[in-house]
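Peer 1: The chain contents come next:
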Amino acid sequence: MNSQEENDADKNLGAIAIKRFALLVVLATAYQAMAQDATTAYPNMAPIEQYLMDRTAEIALARGAAPESISRDAEILVLGRHGFETAVKGKNGFVCIVERSWTSAPDAEFWNPKVRTPICFNAAAARSYLLRNLKRTGLILAGRTKAQVDETIVAAVDKKELPAMEPGAMCYMMSKQGYGGDSVKHWPAHLMFFYSQTDPATWGAGLPDSPILGLNDTREHLTTFAIAVQRWSDGTESR
Amino acid sequence: MMSKSSYLTDNGDHNGPHLMFYETSRDDAAWGANLTNSPVLSVNYWYVSAQAYPQLKTFPPMSVFLVGVDKWSDGTPAPPM
Chain A
1 MNSQEENDAD KNLGAIAIKR FALLVVLATA YQAMAQDATT AYPNMAPIEQ
51 YLMDRTAEIA LARGAAPESI SRDAEILVLG RHGFETAVKG KNGFVCIVER
101 SWTSAPDAEF WNPKVRTPIC FNAAAARSYL LRNLKRTGLI LAGRTKAQVD
151 ETIVAAVDKK ELPAMEPGAM CYMMSKQGYG GDSVKHWPAH LMFFYSQTDP
201 ATWGAGLPDS PILGLNDTRE HLTTFAIAVQ RWSDGTESR
Chain B
1 MMSKSSYLTD NGDHNGPHLM FYETSRDDAA WGANLTNSPV LSVNYWYVSA
51 QAYPQLKTFP PMSVFLVGVD KWSDGTPAPP M
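Heads up: the sequence lines are chains A and B, in that order.
The numbering used here numbers the first residue of the first sequence as 1 and each following residue consecutively.
The numbering used here numbers the first residue of the second sequence as 1 and each following residue consecutively.
Okay, chain A solo, but in the shape it has when bound (with noise of 0.2 Å):
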């Protein structure tokens, strides 16, 4: 390799890295976000069919979640107007969703009704860390406050109401699609895992070149785990 091509070498893994650590903190500012409290330009809830989709839409958004091959079994569930509704039923354990904004953005954007962010989970995380996230879109949909929703939540997991995480818990977010929100509008193609109260340390999380992001909500007695992935659910290249 002469100089030159070593000067471009140099160059194109620099933009590489610099793009990868761009994604990293992209993935780390979203779901840091979402603990924060922060001024808004959605401070009330929307009508309700401004989170309603076509359902025929909802379902090819939630099913680009996960490579084709594991969605295409998947369960698939729509949002209707007192909760998510099955509109598909699946044969494989996963179940697939699109999200809104009072699971999946920041604070901020807590009612921002443009948000949708397609999830594949499977079985073990269906049956644990969904069940959290259906009780509080119904509470959402039948008129509760943010702060009302997070204290029966909260309550229901202290009561066992609602269960602790299973093991091998995951899910898949790798749909090119959906709408993070106006702060973090694409989230990059990545997996998460979910456990009961663990310290993100155990796993390496959250240091330098680490490429595991952890996050913990000690009120839910939750840990998040996030690793980037490098294609999209179609099998493209996601940098």
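If you are wondering where the hints come from, they were derived from the structure by calculation, not from laboratory data.
It cannot be assumed that every hint is accurate.
As the list claims (entries may be wrong) - Cβ-to-Cβ under 8 Å is the rule here; a few derived chain A residues that face chain B:
hint, residue
1, 67
2, 69
3, 70
4, 191
5, 209
6, 228
7, 231
8, 234
9, 235
Claimed, not checked - From chain B, some residues computed to sit far from chain A (all C-beta separations above 10 Å):
hint, residue
10, 3
11, 4
12, 6
13, 15
14, 29
15, 52
16, 58
The beta-carbon is built from N, C-alpha and C at its ideal position, and this holds for glycine as well.
Knowing the structure of chain A, use the given hints to seat chain B on it.
Peer 2: The following block gives chain B in isolation, referenced to the frame of chain A:
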């Protein structure tokens, strides 16, 4: 396993940074592993076939799930797996 210096396979570039998860099950489908475009691979922890080695049938079930990551341990980008 994110070292640049490993030699994991005779195939391809011989190496690839990845994380490994150990689960007490033998259900590849639980994580959607080994399916087209899935970023998750799964192997039996005991590696060899229980059919070829019947004594392994008495071993406790254990799977290893592998998830490829996009950089080496020094933070430099790795080629897509």
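Peer 1: Indicate, hint by hint, whether the structure satisfies it.
Peer 2: Okay, the hints, checked on the actual structure:
1. With a cut of 8 Å, the hint placing residue 67 (chain A) at the interface with chain B holds, because the nearest CB-to-CB distance is about 4 Å.
2. Taking 8 Å as the C-beta contact cut-off toward chain B, the hint placing residue 69 (chain A) at the interface holds, the least distance being around 4 Å.
3. For the restraint placing residue 70 (chain A) at the interface with chain B, the shortest Cβ-Cβ distance is roughly 4 Å, inside the 8 Å limit, so the hint holds.
4. Interface hint at residue 191 (chain A): satisfied, since its Cβ lies 6 Å from the closest Cβ of chain B, which is below the 8 Å cut-off.
5. Of the supplied interface hints, the one on residue 209 (chain A) holds, with its beta-carbon coming within about 4 Å of a beta-carbon of chain B, less than 8 Å.
6. Hint on residue 228 (chain A) holds. Least Cβ distance to chain B is approximately 6 Å, under the 8 Å limit.
7. With its C-beta approaching chain B no nearer than about 7 Å, residue 231 (chain A) sits inside the 8 Å limit, and its interface hint holds.
8. At a threshold of 8 Å, the smallest CB-CB gap from residue 234 (chain A) to chain B is about 7 Å, leaving the interface hint in force.
9. A least Cβ separation of about 4 Å between residue 235 (chain A) and chain B falls short of the 8 Å threshold, and the interface hint therefore holds.
10. In this structure residue 3 (chain B) is separated from chain A by more than 10 Å, as the shortest Cβ-Cβ distance comes to about 12 Å.
11. Remark: the non-interface label on residue 4 (chain B) is consistent with the geometry, its nearest Cβ contact in chain A lying 12 Å away (cut-off 10 Å).
12. Taking the minimum C-beta to C-beta distance to chain A, about 16 Å, the non-interface status of residue 6 (chain B) holds against the 10 Å cut.
13. Against chain A, the non-interface label of residue 15 (chain B) holds: every CB pair exceeds 10 Å, the least being about 15 Å.
14. Not every CB of chain A is more than 10 Å from the CB of residue 29 (chain B) (nearest about 6 Å), against its label as outside the interface.
15. The Cβ of residue 52 (chain B) sits about 27 Å from the closest Cβ of chain A, beyond the 10 Å cut-off, so the non-interface label holds.
16. Distance to chain A confirms residue 58 (chain B) as a non-interface residue, since its nearest Cβ pair spans about 22 Å, more than 10 Å.
The structure does not agree with numbered hint 14 stated previously, though it agrees with all others.
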